[in-house]
Amino acid sequence: MSPSVPLQEMIRAIRSARTQCEERGVIQRECAAIRAQFRQTDNGGRSHNLAKLLYVHMLGYPAHFGQMECVRMIASPRYSEKRVGYLGAMMLLDEKQDASLLITNSIKNDLSHSNQYVQSLALCTLACMGSAEMCRDLAPEIDRLLRSSNSYIKKKAALCAVHIVRKVHDLGELFVPSARSLLSEKNHGVLHGAVVLITELCERSPETLERFRKTVPDLVQIMKGLVISGYSPDHDVAGVSDPFLQVRILRLLRILGRNNEAASDAMNDLLAQVATNTDSTKTVGNAVLYETVLTVLDIKSESGLRVLAVNILGRFLLNNDRNIRYIAMTSLQKIVLTDHNAVQRHRGTIVDCLKDQDASVKRRALELSLALVSASNIRSMMKELLIFLSSCPPELRAQAASGIFNAAERYAPSKRWHIDTILHVLTTAGGDVRDETVPNLIQLITNTSELHCYTVHKLYRALLTDISQQPLVQVACWCIGEYGDLLLKGECQETEAVQVTEDDVLDALEIVLQSHMSTPTTRGFALTATMKLSTRITDNVDRIRSIVSIYGSCIDVELQQRAVEYNALFKKYDHMRAAVLERMPVIQKNSLGQTNGELSEEPMKESQPGKVKQEETALPPQPAGQVVDLLDLLGGSQEPLQPGSSVAGSASTQLTAAPTSAGGDLLDLLGGFEPTPLAPAPTVTVYEKNGVTLTLSCEQQSESGLTVTLTASNSTDSDISGFTLQAAVPKSVQLQMRAPSTDCLPAHGGAKLTQLVVLNNPNKVNLKMRIRVSYTCQGSVVQDMVQVDSFPGL
Amino acid sequence: MIKAILIFNNHGKPRLSKFYEHYNEDTEQQIIRETFHLVSKRDENVCNFLEGGLLIGGSDYKLIYRHYATLYFVFCVDSSESELGILDLIQVKPCRFDTIGYCLLVFVETLDKCFENVCELDLIFHVDKVHHILAEMVMGGMVLETNMNEIITQVDAQNKMEKSEAGIAGAPARAVSAVKNMNLPEMPKNINIGDISIKVPNLPSFK
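These protein sequences, in sequence, are chains A and B. If you want the numbering used here, it's the 1-based position in the first sequence plus 364. If you want the numbering used here, it's the 1-based position in the second sequence plus 7.
If you are wondering where the hints come from, they were derived from the structure by calculation, not from laboratory data. All C-beta atoms, glycine included, are put in the ideal place defined by N, C-alpha and C. No false leads were slipped in.
Straight-line alpha carbon distances no greater than 20 Å define the calculated DMTMM-like cross-link-like pairs of lysine to aspartate or glutamate that follow: (1) A/531 <-> B/85; (2) A/550 <-> B/157; (3) A/719 <-> A/748; (4) B/120 <-> A/600; (5) B/120 <-> B/135; (6) A/646 <-> A/600; (7) B/48 <-> A/722; (8) A/822 <-> A/866; (9) A/460 <-> B/32; (10) A/531 <-> B/28; (11) A/779 <-> A/860; (12) B/167 <-> B/157; (13) B/20 <-> A/387; (14) B/25 <-> A/458; (15) B/25 <-> B/135; (16) A/1132 <-> A/1052; (17) B/136 <-> A/373; (18) B/120 <-> B/163; (19) B/20 <-> A/386; (20) A/460 <-> B/33; (21) A/460 <-> B/28; (22) B/136 <-> B/119; (23) A/698 <-> A/666; (24) B/170 <-> A/445; (25) B/20 <-> A/373; (26) B/136 <-> A/445; (27) A/646 <-> A/685; (28) B/25 <-> A/459; (29) B/120 <-> A/598; (30) A/719 <-> A/759; (31) B/167 <-> A/445.
Here are the in silico distance ranges between beta carbons for each label pair: (32) A/461 <-> B/75: 31 to 37 Å; (33) A/668 <-> B/122: 48 to 54 Å; (34) A/623 <-> B/48: 41 to 47 Å; (35) A/684 <-> B/76: 24 to 30 Å; (36) B/167 <-> A/379: 28 to 34 Å; (37) A/400 <-> B/16: 28 to 34 Å; (38) A/383 <-> B/48: 24 to 30 Å; (39) B/48 <-> A/588: 43 to 49 Å; (40) A/545 <-> B/49: 42 to 48 Å.
Let the sequences and hints guide you as you build the complete structure.
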């Protein structure tokens, strides 16, 4: 015990202060006394004063006047003074203070001191607060100490070396040989330090990593020793021999085996051994197992081992400790794409975790479950997911809803199931779905003509129960407007018939129109639906007329406009009413953001109502159920660019039900903006391979409109035919490809091919384009892809 | 690496603060306050890991802590200590048990052995000794030694060295500690004589 009675007295005095003010007073007096004592040259109780100062510093009071005293104490020959001096240095000095340089010499001397404890003090201080200059000066000393025969010193020197390497990366080279030789030590402390040092060196420099790969057999040997050896009282922690060292070695093996076949092979057996022999009933064992699993999954291990690793994670999922379950799921998330089948085996447990109390566990379980949905388990998984949706915490709802939609779109076993699922989600979590759900659902419904009757009945019933979920109400209104006649007919194969009168339907729509829960968009839907019914019902047309005319003076401008226009339809254009309001055509499975360039057969229709809309329309669900997500450029989607089906490249007919459309689409056919001929604009070559060159130039047409010209030329010796370009852009950007000038490129650059691409970027997102080139040359088909990240002139 | 090791009591008063990265004094105090805030409002049943939040200096950090009676022992480690990475901020995440957690345990047990059933007062009055013990366990932000016996051996050896140096000036202290270590048979701590009055006889004949 250090003779620190004066320190204790001071502490007592400080503690007896009853208020903050009193305490400050006591401390000020003490600090004054300490300062006075420091000024005296020789003083038997110097260490006490510094100790007192350090206590004061810990409480948060300024203590910088003690810095020079620290320097003096460190230089003293007495051990007790050195001890306190070094402690003070660690607390008060740092790189920014000039005084720190003054202790460099003392540290240097102490590093060669005969007493190991003095050496250890110096090492400790250097490792704690050594600045870059100090490290540079003293690195050779540390290297010498790494070779000493004293394990205590070697252990400390190793960690000091780690600090030096962190501060001054170049010095890593210096320590490589000694680090290598430390691996043959028996002392666990030294081994631990050595492994940490080697890990640090390998992380810093790939060349060093290469050199240390040769140590893999040695590391494997050491690990084997730890795992197989019997009980060793020095290092045993709950039955596992020195888990710290094991964990460190496993981490180092992970770094060494990454991306390297040979090293990974050398580790395979060991990892299998550790995985099977480690006791997993205690948390310590689980820690080692977890590191093993991470290592197995990160290196190039053989498949049997990977399956073993996934099974260990599966075991973790059943563990009572929530922490361990959470960890396991996080790790499974990382590998679910690569080792899909192995993870599928644990699907049941993962789905059970959806019911866990903890929000973070739930989130992980949700992400994993969504990743595990496949065509074979879609029905059962969806059941679970829908149950989850009804009880999940609000912050997870949006994610769950969109995940369910994606899964349903990809793997729906039948249309009716798909529609049912979407309706279920809208009823449960309608407030959290994305905006484009409504047009997506409407498109889906129109495409399923056989289920129109069923759908409209179901929606009508849903509308009667609850009008608070806006997306549901919007879809319901739209359907009632479109298929009202089917509703009124009453009979339906799929669901039991219910007698609905015209008045009932109009009542329902009117309730929506008048309810305070309906947003303006919803009311727009309802009004349009009411109008459409005027051609589908027979008796109550007058009622509809009166409703429409009432809204002619509505405060909401959108509704007013619609009502006025509908009124005009009744009055002046009554002859047109039937034609205008007839059943909508099936909406094309196409969207503005995705199109192709195969326009050699079908020239672009310029008169399409290519009115600029803000929202995206649906992703086309391909018949095979595979969603082509071209628009996810930034996620680096690997899906091949699909040629758009049916109608080539035309801007799709805008859905009248588009929520944010500026009203009266029926009566408002705008032409698309005409592309102006391009003035010479800066060009950039985006693709040049095998003699085929593709250049790009662009010109800003309007605030968000842009015309891009792609020019291709062929400088090879043979002709190229069937040259096509396909393009994809980020989601919110709209793209139209005009017909190319030709699809043949004669040899030797005889003629060029140009193709215009019209882009509209209303959200001003970072514009990127992925272009796929395909052509036939000398009988073989060539395909290539290039991504354009920056556009000249933009 | 370990950024800081803090011990504070239930009211947030620091009993030990060791930083392995340099911060100026105000920042250090702020870190102590912030850590106390985060740790004190946690439920006893949730796990002892706290993720997220920004240590002053902008780096992400984790707190691994244990609550013993009136003291919180906290290790602030940076996120590289565990592969989990940083997840949502603020929300408390359960994560795996950590080797650092075990190190914390060893630290507390070592203190217990060195001070004989350590209590808060021991830490208050012997801060320097606690620092020396810690220096044997954690160096430069990395775990140095976890074998309790080894640590205690080294600490004892160093203390002996210091004592032997003290020379004459240390004699009273040595006497005190000698008496303390004396192996006296069990003495009754409380001699309750009761309420008797002891009469001292007046014996003039013995003058």
